[in-house]
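S.K.: So for the sequence shown, this note's numbering puts the first residue at 744; every next one is plus one.
Simulated from the structure, these hints should not be mistaken for lab results.
Beta carbons: idealized from backbone N, C-alpha and C, even for Gly.
Hints are supplied without guarantee of correctness; some may be wrong.
[As the list claims (entries may be wrong)] Okay, the calculated beta carbon distance ranges per label pair: (1) Gln-844 x Cys-772: 18 to 28 Å; (2) Ala-912 x Lys-774: 23 to 33 Å; (3) His-773 x Val-892: 31 to 41 Å; (4) Leu-894 x His-773: 39 to 49 Å; (5) Tyr-888 x Tyr-849: 41 to 51 Å.
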Amino acid sequence: MGRSKEQIGRHCPFCGAIVVEGEYFCRSCHKRFTDQSELDAPSTTQPDTYVVSVRRTYVSVLLSFAGVGLGQFYNGDTLKGLAFFLAFIAVSFNVVTTQYQTLLFYGIWLMALGEALWSARRINRYERPFGGGSSYLLYGMLAVYGLVVALHFLTGEPTLAYLGRVFPAVKLGMG
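Take the sequences, apply the hints, and build the full model.
M.R.: The structure is reproduced here in structure tokens:
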């Protein structure tokens with residue numbers, strides 16, 4: 744059987760651990776690479792082995808698609824998530840009114856989607872520190888969103904028009 748590329752001799756120049764092709768940092772010593780050519784440097788030290796927690800970009804985007812701010816909470820950005828959520832709710836429930844209400848409604852949603860994707864990629868490339876877990880508000884918000892959806896399916900209340908104010912994808916689907 745052939746050997747995979749990660750076993751052919753691509754080693755971290757700092758600790759000597761095996762590095763998978765396409766990685767932007769060493770999963771053993773957590774140091775970032777600036778030049779791909781330095782990955783073949785030999786080392787005589789034994790690397791430490793432990794797993795670095797990374798963010799799945801598709802989960803981050805799916806959460807932001809479902810509810811504004813959830814992707815930020817997943818990435819550990821509690822303040823950004825709250826800012827996106829509160830701005831979205833203020834526009835959605837007409838606390839902030841403007842002639843560009845619909846544009847602002849979808850603009851905040853798309854900005855939250857893009858920021859969640861960008862932030863997850865930066866965490867995975869080790870360009871940004873990650874505290875090691877999602878914000879606790881993620882679980883609270885998921886519970887609240889789950890209750891709202893369960894109430895709708897069980898009782899018919901809140902109406903789809905109301906759900907469209909909370910879930911942008913529902914409003915987009917309603918036309």
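S.K.: Give a verdict on every hint.
M.R.: Hint check:
About 50 Å separates the C-beta atoms of Gln-844 and Cys-772, a value inconsistent with the hinted range of 18 to 28 Å. Range check, Ala-912 to Lys-774: Cβ separation about 40 Å, and the 23 to 33 Å hint is violated. As the Cβ distance of His-773 to Val-892 is approximately 39 Å, the hint placing it in 31 to 41 Å holds. Evaluation of the 39 to 49 Å hint for Leu-894 and His-773 yields a pass: the beta carbon distance comes to about 45 Å.
Range check, Tyr-888 to Tyr-849: about 19 Å between beta-carbon atoms, so the 41 to 51 Å window is missed.
Checked against the numbered hints above, the structure breaks hints 1, 2, 5 and satisfies the rest.
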